[in-house]
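The listed protein sequences derive, respectively, from chains A and B. Take 1 as the starting number for the first sequence in the working numbering and just add one per residue. Take 1001 as the starting number for the second sequence in the working numbering and just add one per residue.
Accuracy of the hints is not assured; some may be wrong.
[What the hints assert, rightly or not] In silico DSBU-like links for lysine-lysine, alpha-carbon gap of 30 Å or less:
hint, chain 1, residue 1, chain 2, residue 2
1, A, K24, B, K1018
2, B, K1353, B, K1486
3, B, K1680, B, K1696
4, B, K1357, B, K1442
5, B, K1183, A, K24
These are computed hints drawn from the structure, not numbers from a lab.
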Amino acid sequence: MDRIPILRMGPFLLVTIQVDMHDKLALTLQDDLTSRISDVGARGVLIDISSLEIVDSFIGRTLANIASMSRVLDAETVVVGMQPAVAITLVELGMSLPGIRTALNVELGMEYLRQNTIVEGSGDGWDGSED
Amino acid sequence: MTDVQQFQILSLRLRTEKSVVEARQRAREIAALLGFDNQEQIRLATATSEIARNAFRYATGGSVSFTLRVSDRQLFVISITDEGPGIAQLDLVLNGQYVSTTGLGKGISGTRRLMDHFEISTSPQGTRVETGKTLPASAARYNATRIRQLIARLKKSSDEDALTELERLNQDLLRTLSELREKQEILDQLNRELEDTNRGVVALYAELDQRATDLRRISDLKTSFLSNLSHEFRTPLNSIASLCRLLLGRADGALTSEQEKQVTYIQHSAGDLSELVNDLLDLTKVEAGKTDVKPRKFAVEDLFGALRGVLKPLLNDKNVDLLFEPGRNLPQLFTDEGKLSQILRNLVSNALKFTLKGSVTVTAAAGPNNHIVFRVQDTGIGIAREDLERIFEEFVQIENDVQGQVKGTGLGLPLSRRLAELLGGTLDVESIPGKGSTFTVKLPIYYNTAQDKAALREANSEATGGTILFIEDNRETIFIHESLLKDSNYRLVFAVDIGEARATIEHAAPSLIVLDRLLHNVDSLFYIGELREKGFAGPILVLSVVDDSHAALHAGATAFLAKPIEPFTLINTIHELVNKQLSRRILLVDDDEVTRYLLGGALSKMGFRVLEARNGRDALRVIRTTFPDVIFLDIVMSGLNGLEVLREIRSTPATQAIPVIIHSSKELEAEELKQIEGMKALVYPKRPIEDGTDAKLRQILDLAGVRQ
């Protein structure tokens, strides 16, 4: 069965969507992500869609769902690297993706997560360790 | 009106979820080939995706067809048909007012916005959506040939190499991830097993410890039983021997010759029994470790000379020669002469018993490693091979011709071997039945006292430094404490919780208790109060990760250390606390310097450590910081008077158990005496220091429960 890999980086989860997802795959990702968040107690999720060329209403909605579900699970979601043409199309389609935090690229997304999530038990925050 | 030409480019069926993806990808490709810019390609692909999804989702399939409609303008048309149930609320859907239960309700209305051309027809037999976009003006003019070329290029690019490759990589990554996870699980599993094993081992150790303790106790019991019994036997035996002597001495008149014979038998029997009892007593003494080795310098020749004299009577009417042959250049020995003599005496008298004719030869020679070797060689009946070790077991006597005639206790050889071991040596035997036996004693020339001390410590450490009870639940910490203090002269006793501590404390009689503040997640400070209540007056050292010495001292602890603790700090603190304990501290509270000087001097001579305080306030400060073992308290002082100080001492939990002796020249009134008694203090009137003072002080200190 197809799956989008979810990588763990310290307190954050990193998802890079590199294939044109069919609907079921998008739903699987949504399920996988939410369970990973609660399993590892992740504080942030970064979804990189820079290689995604088509975001239609369903995928847009799935992204929005992931964002709100993870918020309920106390994790912040940042969607990074959306192509300008994709953004324009989404807006024309009537989807403004409310509630999704976006960033231009992975670096800025990570920066945002580091600053906006309180990582337990340390003053120096994210240390990149896997435990 | 111009002619409208229609060119079919591609059509595909919507069968699976993936065909929705394929449809939009095809839309994008064709759009690119037709000359749409990137933004338009994405609009077209997105629109196709929306409509194709609707067909797949609501009509469970359908077909997509891409065509180019050429008239005065060129329109790229995407038509999607299905045979589903149709769209019920088309108007609402088109307005964007429809609220979808499954999607966002944006699919159709959004698509309309994205595209130039949009037509929809729906009926219960199916739905057809046709949507399209005009080619940019810059695009080429298409005819049948060009369309064919386009289709050819399309097929070429549809090999989907990149996508397949990516999917494969994706799969690899996923596989690696799941393998990693499996390994993690295996590791976890192993870890759990190890932990289980560990727990088992710890439990086993505890059980072994318990067994060892039981065995030691049983052995101690046996020893004390035997030693008591032997003592009890001795008295009547001595009486019998004395009475026999009286009778044989005709002290109360003459005996007939028959009577004399009988009394003599009684005397012999009593003698034999007495010998048995003495051997038994010696043996139990050695076993209990109660035998002191008293080493001194002596020469082998002198020892042999003395032995010759002692053993001569045994040679009476025997056809046996007893020869002593000390070797040449023998060094002086430094060991316990009495015990060595006892060993050799036993061996020689044994040899004589089993030798009917021939000789018994005693030799001495220097051996390797600063040892001396004594041999007692006889020409007797010898010992069978299978009995060689048994003869060293207690009460074992070997059946033989001679054995019937000779009497023995069966204790001589075991005792001799024990004594040899006590002196750091060995006792062994070689024998050829019928030819004779040779007993060999090997001893160090210098009896090593240090070794003796180590052995003593090993054998239940008569702990010169006192006993320390550690109440600590962490095995590692216990191990660390143990290894830190293993070379000290303290005896260490460990309890893993309060329950065990309660059980241990009675017989351990510790001079110091080291208490971990957090035992199995329970704050153990409460136990200090319990200890003090039960009369434990010794120092209590509290260890905790929480640096709160106040709480510990307030609860009645003597000292506090915050973890982590430097090993030397711990050792030093323990030494300090135990030594303070060993020399008891007495606090003298008196405003008169001369009194403090005189009484302090007397007490110091008795071995106490004397602390002083000039007034009540001073006294309370000293008490709170040092917890003295006993307090001599004057009544009449400026500021706080003695009774007020006493009241303060008794109302503070940490100090309420400290014995207080009221020491005043004031004639106490009945009311005052009642108060003092009520606060459990003793009274020792001030008197001049004179000859009997020491005894009186000792008496009052005894009453206070303080002994030096």
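Which hint numbers does the structure go against, in order from smallest to largest?
-> Per hint list: single violation, 2.
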